[in-house]
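Knowing the structure of chain E, use the given hints to seat chain P on it.
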Amino acid sequence: MSFYDDGALSRRDFIKGSAAAAVTLGLASGASAQQSDVKEIRCGFIGVGTEGSMLLGKLVKIPGVKVPAICDIYEPNLQKGLKIAGGLVRGYEDYRYMLDRTDLDAILIATPLNWHAPMAIDAMKSGKHVFSEKMMAYSIEDAKMMLKTSRQTGKLLQIGHQRRYDPLYNHAFNLIKQGVLGKITHVRCMWNRNGSWRRAVPDPKLERLINWRMYKDQSQGLMAELASHQMHVTNWFLESLPISVMGYGGIDYWKDGRETYDNVNVLFEYPEGVKVYYQSLTTNQFDNCYEQFMGDKGTLVITTGKAQLFKEPRAEDLMWSSAAHKEKVGGKEAIVLDADVTAKLKAQAGEGEQIAAGEKKKDDYMAELEAFIQCIREGKQPDCDGQEGLESAATCLLANQAMAQGKKLYYKPEMFKA
Amino acid sequence: MCSTNPILVRMKRVAMNCEFELVLCGSDRRYLIDAGEEAFEELARLEEQLSVFIPTSDVSDINAHAAERPVRIDARLFDLLLLAKRVSAETGGAFDISTGPLVRRWSAGDDHGGFSVPTSEEISQLISKVGMKHVCLDQAAITVAFDRPGMMINLGAIGKGYAVREMADLLRGRGIDAGLISGGTSTVYAIGHAPDDDAWTVGIRNPVEREERLTTVRLRDRALSTSGGHERFTEADGVRYSHVIDPRTGRPADALLIACAVTSDPAESDALSTAFLVLGVEETKEYCSAHESVGAVLVPVPAPGADLEIIRIGIE
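Protein chains in written order, with this note's numbering: chain E, 1 to 418; chain P, 1 to 316.
Hints in this document: simulated from the structure, not taken from any laboratory. On a predicted model such as this, the values are computed, not experimentally measured, just so you know. You can trust all of the hints, since none of them are fake.
Straight-line alpha carbon distances no greater than 35 angstroms define the calculated DSBU-like cross-link-like pairs of lysine-lysine that follow:
no., chain 1, residue 1, chain 2, residue 2
1, E, Lys83, P, Lys133
2, P, Lys129, E, Lys83
3, E, Lys332, P, Lys12
4, E, Lys39, P, Lys133
5, E, Lys255, P, Lys12
6, P, Lys12, E, Lys326
7, P, Lys12, E, Lys216
8, E, Lys148, E, Lys125
9, E, Lys183, E, Lys311
10, E, Lys205, P, Lys12
11, E, Lys297, E, Lys407
12, E, Lys328, E, Lys297
13, E, Lys148, E, Lys177
14, E, Lys216, E, Lys412
15, E, Lys326, E, Lys297
16, P, Lys85, E, Lys83
17, E, Lys83, E, Lys216
18, E, Lys417, E, Lys148
19, E, Lys328, P, Lys12
20, E, Lys306, P, Lys12
21, E, Lys83, E, Lys125
22, P, Lys85, E, Lys39
23, E, Lys216, E, Lys417
24, E, Lys306, E, Lys83
In silico contact screen, one side only, chain E against chain P (beta carbon under 7 angstroms); selected entries:
no., residue
25, Gly57
26, Lys61
27, Pro76
28, Lys83
29, Ile84
30, Gly86
31, Gly195
32, Ser196
33, Arg198
34, Asp363
Reference listing, derived: stretches of chain P covered by chain E, where coverage requires no fewer than 3 residues with Cβ under 8 angstroms from a Cβ of chain E:
no., stretch
35, 25-36
36, 40-49
Think of the CB as a built atom: it goes at the ideal place given N, C-alpha and C, for glycine as much as any other residue.
Isolated chain P, as found in the complex:
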């Protein structure tokens, strides 16, 4: 569709607390807009299903009831939870959708309303309510259950990528064979290639000089996801505490400024970018060597006065 008389249509929609953007390539502008609108309808449906801020969402239902009884869910959502569990297992628990109690403590503060660094006892207590091993997925019944009270899941680190994947599948089904789909600054997926190129070139923003581009990655039928601990943090006594928490230690992950993952599945890349941020350089290298189809771009926190170092793993 994109090879003859190419037209590019750009469309935006706010969802999941960020801006989703489509760049669709084809020969019929009206057709591209209709397809894009349908993809945004799917996005709206997914937000209603996945958001923890919508009381009627499936995720809210899970959080409200899964500690009492198995909750039957849409099999597509079940597959997403299976993916979350697999990534968690493969990363040694570095990715975890159940870190809510820890994240809330490190970002919102203590019971008295102010921020204080949690004590080791507090962290141990909170960690007992965290972990995918406590999220029980029954494949035959298509249900999810928590094996203890106080748990919650939040798909914030995988949901946007999942939405991008579902939108890409829908657009492909409508015959779109070239385009870019992005979910905020979290995940971008390339369908096919740009009209005048054999891939799409996607930039990664410099985490320090935010107006500058740090590097680029070329994508064709692949996704790039980025996670950064530098964007959301709590500052106390001159120390910044990232809101990205290492589920294994219960403490902020602070070795990397940003971590990017490249895979063919946007949902997986979204989850892996968070995992890599937690794993750091060496463990991410180990992961990528064991998973050849996965690439990474890592930027460690520089020593004072040093330049940013860009580490590319499995990506040209």
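This is chain E alone, in the form it adopts within the complex:
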């Protein structure tokens, strides 16, 4: 019996797996649509700092999207946002005045964490769909309130975990579902950098406004800003939620007045004995950023733009591996996953079967924004909705509490439900 007979993973399934990812995403390929062909969606944008301005620059490119309103309390950011959007755009300092407008379909929020919930709730109550950057909210209760408001108002709520819309991540998820890794027993995730994470602030009065990530009244630190992405992927790929968490964090290097940890090292326990180790450093960027899923048949190492599969020595060859692109990594042979592999395999297969061509490479931020707009147009629930956002937020927020209290804490089912 070959390795994947029981898992029903043939080369053709591998090909279909790739195509399935594209279907799941339901992306408009966007861009080929003429503006006149699609319903115009009018968006207001709150918070155009580094992340927000990057998102805004992509949002305005989506056919049929107009951004006539931008809000930021920091004048240089507001000016930058107006410059990116171009044309007739009104700037606001107070988001509530923007929400009074009746000509907006949706609000996108990329503000400091503590503002996500009040702004999103106000926006949904004023009849707008909401895209909120990650982490979903400052507290579990805030996240639950956002989710409840979405249900009560019938307005869409999407959380900005962009990997959920990345064809490569979707392809990897489908492969895991089909048993490529066997039984996953351990996961390692890390996001390591070497830098202060601090912005240069020209006026001390602006310190807490610009370096909000450093201050506990606005931020949940590394677990919110970085880990929430990777714990979202972990919950998604494992299709389960954590049972308990313990860890160490500290302000051990950047003693510059910050209040949030400059390093976190966390161990999560998931059902069936699965352990998940998470690390984020600001003093050493070795290994940088990836998620590593370790099963009894193989290991997946994935990050934005690249994914590799490593076969365990005792596992049999993958049926489709002869057609895959391989490379040597640390003396081991890795199969490089490619969400565009369909076309390549089609050429090699010579089966004469028409298979959907691999999806054009596009960045995951663009993909999540296109999906949000498409959900509004079609009245569909986002893949990364408030429920997924809550699950990731609760996972990370209890980890912060475990580190602060120096003890093991247990998740309760109600933490993940609104």
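Only chain P this time, still in chain E's reference frame:
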């Protein structure tokens, strides 16, 4: 910031196929590093937006779709394309971001893989796919479209200067009032002046004796950009064909060894240095006399055995 207890911080980052360098002057080393890191973050974002080698970049998107339909872009990128179009118009087409088909033919060779000098018919055919008049910019819709298939744009001759400009704006916003920002050997911009001087002194490399300095230019809140046809070329039968193509003729521009432009806008100086290389000495003089804020340094190709001649226009 730089006048009291000055500290100089030097930082480098590879982007846009070259090395960007910051020299920042201030009184707090940590602050300067944080500001520099933020400027490099902006540089990385710009590379992802402008590179023709990144399939998800805005420029790749334009090249893939602009012949089919108007492509909506970030208004900042739109402003850059407007600048490219203005410089093209003001230089009589000597600067052109759409010369890709010509450049590729002169640098990569013919359909058979080898290099051959293109025929006049080939050049005429390629020129039909080149020209800013075919790049349609709709200011109301903030879109770009090509009026014919086969066209492409490449911001290689303006993008590094644009990145330098955006980084300079960001650093100024962080209170940096003295420093140098360079994008490879293409463009350098001076913020304010050096701590012990009333300007920054920037050298221009000798295009023949590359370890030597040819001349210097003093900059204060101004940019210097250089272009040279001597650095990238294809050689066949003992003849060097520069990769800098005159969009007007479709043939290599070979009158100058290097051309430098000095203006207050690094993106404009980047574009103008390429234009001057194509225009040659007389037309560059005409341009500078019509644009008093623009200066130039030109080095013509010398006669055999002759010394290099340095022509400075509008620069002390």
